[in-house]
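> Chain P is already provided as a structure; the job is to place chain Z on it using the hints.
Going down the list, the protein sequences come from chains P and Z.
Using numbering that gives the first Met the number 0, read the first sequence as starting at 0 and increasing by one per residue.
Using numbering that gives the first Met the number 0, read the second sequence as starting at 0 and increasing by one per residue.
One or more of the hints may lead you astray.
In this list, chains with the same sequence are indistinguishable; a pair is considered to hold if it fits within one copy or across any two.
Stated by the list, open to error - The list that follows gives simulated cross-link-like pairs (lysine-lysine, DSS-like), each with its CA atoms no further than 27 Å apart:
id : residue 1 : residue 2
1  : Lys-4     : Lys-246
2  : Lys-246   : Lys-10
3  : Lys-430   : Lys-4
4  : Lys-89    : Lys-10
5  : Lys-284   : Lys-450
6  : Lys-352   : Lys-302
7  : Lys-450   : Lys-179
8  : Lys-124   : Lys-4
The hints are simulated quantities; they were obtained by calculation from the structure and are not laboratory data.
Protein chains: 2
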Amino acid sequence: MERTKFVLDQKQMPTRWYNILPDLPQPLPPVLHPGTGKPVTPDDLKRLFPMALIMQEFSPESYIEIPEEIQAIYRMWRPTPLNRAYRLEKALGTPARIFYKYEGVSPAGSHKPNTAVAQAYYNKKEGVKRLATETGAGQWGSALAMGCMMFGLELKVYMVKVSYNQKPYRRIMMETWGAKCVPSPSMDTQSGRAVLAKDPDSAGSLGLAISEAVEDAVTHDDTHYSLGSVLNHVLLHQTIVGQEAMKQMEMAGHYPDIIVGCVGGGSNFAGVYLPFLRDKIKGGKKNLRIIAVEAQACPHLTKGVYAYDFGDMAGLTPLLQMYTLGHTFVPPPVHAGGLRYHGMAPIVSHCYKLGLIEAKAEFQVPVFEAGVKFARAEGIIPAPESAHAIKVGIDEALACKESGQTKNILIALSGHGHFDMSAYNEYLTGKLADYAYPEEKVKEAQASLPKVPA
Amino acid sequence: MERTKFVLDQKQMPTRWYNILPDLPQPLPPVLHPGTGKPVTPDDLKRLFPMALIMQEFSPESYIEIPEEIQAIYRMWRPTPLNRAYRLEKALGTPARIFYKYEGVSPAGSHKPNTAVAQAYYNKKEGVKRLATETGAGQWGSALAMGCMMFGLELKVYMVKVSYNQKPYRRIMMETWGAKCVPSPSMDTQSGRAVLAKDPDSAGSLGLAISEAVEDAVTHDDTHYSLGSVLNHVLLHQTIVGQEAMKQMEMAGHYPDIIVGCVGGGSNFAGVYLPFLRDKIKGGKKNLRIIAVEAQACPHLTKGVYAYDFGDMAGLTPLLQMYTLGHTFVPPPVHAGGLRYHGMAPIVSHCYKLGLIEAKAEFQVPVFEAGVKFARAEGIIPAPESAHAIKVGIDEALACKESGQTKNILIALSGHGHFDMSAYNEYLTGKLADYAYPEEKVKEAQASLPKVPA
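Same shape as in the complex, but just chain P:
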């Protein structure tokens, strides 16, 4: 019997999150206050986040214990499976070993609950009654809806209008878990009203939805803000995925040569690669390749600039040093909504700047082609975001076929595509279009990058 799925007992579930900050070869640039240009202090952030998360954001500790209350909820679906993709290998005729770590078994269908549950827990513990957040395609909004429901918090989700209209099922999912969801731009915030006044038909953007959610939080006494990616504490919570994957690869008797994952804000992929990168930094496999895959329509790493920028469109957040296309950039409406964000997590950006990871940008038509190939071999229909990782994983496996090398390829399969079937329909009926890299719009957006006060 050859094992296809490598399962860990719950006793083997990691009980700590891994924090890369103290292990980075150069320290992460500080987050700056946009008014003073000085590094932000925990106090500057406490209107938005609970202190426990703020301390995690800056923590010098390599490992942070996962509270039992959070572990108990993780155990409802964790540890998640790691599979050997025997059938895909055979379909490709490659000597490579392909593995995928699958987060789609969570009730929300993606990796997002790993941080949603943690964020809801810490907010609840500090007496917060209500959270506000934004969501693009709905993966994050639905995960936080589940997290808030589990700790008895109210939640309001500002959902990018184009997705709100295209993906009613994700909205209903949030409502099933008790959250309130409105299309963004909405009339409920100053930021939303300002955009609607100029353009009543605005389809919205993730940057704008963040502005609305942040404004909601600062204008409601009982409310905090919650972000589903980008920030250090979010990436931290996702490291449970990579730590599990390490144990499972060990069960499988192999160590990855290549790790590939899609990046929107960066948390899914960072969660998988950071524990392996720690190994590499500490003297492990030197030639381990870590490849971030972004949408060609939103190529933050490959075409962005490394600069201080706002996390949101309206400029309400602190300044983050990151690869950015400019905070006013609105990406073309590709189906991988989770990849449509102007910036990239500071930790991932820093890793890229230091040459610790690589990046590739992919068009959506070949990405869906890879997604269908995967579904026909492995059964699982991947989310369009995850299919970006599969595309590059397949390319690397085919390169092995060419070269005759038996490499171990680990794909971060962040979620399933059950709520993206209309996108698959477009692909299958030949109606799916590609969007060229919108160079002019990026130039325009980058012209309005904020100046850091001296």
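The following block gives chain Z in isolation, referenced to the frame of chain P:
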């Protein structure tokens, strides 16, 4: 640490299916040829099914080895988890222990692939090139699409038209896995054309879709027919679920007092309960209760008659001794499409007749209420079919609260509701209606029960 999820290593996955036939206290009534009234022979069925499946249908062996090729595919998602529903117990304030065996982790999102993969395998092995089948809500059609894709068979699915229109995502799922799917009634068969001639707007029914698929198979030389429930060999393949659940309950240190599952054709629930029933028959827990839950709109067990009837609307199948509402009965359009079938698996019917199992019928509004309660406690959003089982599981847990008894309740959670979110929306917005038991229509349908030739 309290385990929430009980996981089996793939080495512990059952390698045999369990066949209840030789263990039944009274033999199952034979399947009859509608022309002669004599028991059908394997030869009578070989135009529809491969001989391996026909032999399983009548097998006197208690256990049948699962071929390695099928096991290899099962291992892509099996063993499936069994969870302790701690949060649901707490929400109900019950002393009962609630467990659920979850089949929603399969790529198709339900238990159906367990038999789909097996049926595709045996057909392929006997040289068949193409299968025809029907599907209601699409769970079966998508599972068989996956199974056929894995063994390189073509598949045509006749999908009940009301579901074809309401659930485009299930259709796209089938197409993603390479199947062809048409709405039934279709113009592609005699049975379909006859109905359309009388009623061009016919919404279709499962019984009619079966007629179309059977006709497709017998009129194409390279084609076999495949059924997703009802028949003995289908229930046989599903027993892997119950065998796993037994091992997992043992891991949990408890034995069920009550097993509850929804029944449409009966295969999901039989797959879970038959291995436990074997235990009971062989002298195990005497007071184990096994409760089948059906839709009030389609109450085959509680309101049907135990009689010989056709499996399909047009009367193309052999005669099965079963609880039936009459093969011409078209149930009201409740959302649990998988429960809208006029008959009940002969094995399940026989068990019910012998008093080995109980039955309850439930209305869909309280069923969705239970489904939302489950989702808000356990995260997983259940399929409307599975929510029927949850409803009765919760009722039994509340009865324990009343009586102060600590019973162990095992719920068969056959699938997730990701493709049923519009039904949840109807429920959440107060628009969901109940359908009274359609007594007159049943009387009419039962008046046309076939006469068995003497």
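> All the hints need checking, so say for each whether the structure fits it.
Hint check:
no.	hint	in the structure
1	Lys-4 x Lys-246	both (13 Å within a copy, 18 Å between copies)
2	Lys-246 x Lys-10	both (12 Å within a copy, 18 Å between copies)
3	Lys-430 x Lys-4	neither (35 Å within a copy, 42 Å between copies)
4	Lys-89 x Lys-10	between (34 Å within a copy, 23 Å between copies)
5	Lys-284 x Lys-450	neither (40 Å within a copy, 75 Å between copies)
6	Lys-352 x Lys-302	within (13 Å within a copy, 70 Å between copies)
7	Lys-450 x Lys-179	neither (36 Å within a copy, 57 Å between copies)
8	Lys-124 x Lys-4	between (37 Å within a copy, 26 Å between copies)
Checked against the numbered hints above, the structure violates hints 3, 5, 7; every other hint is satisfied.
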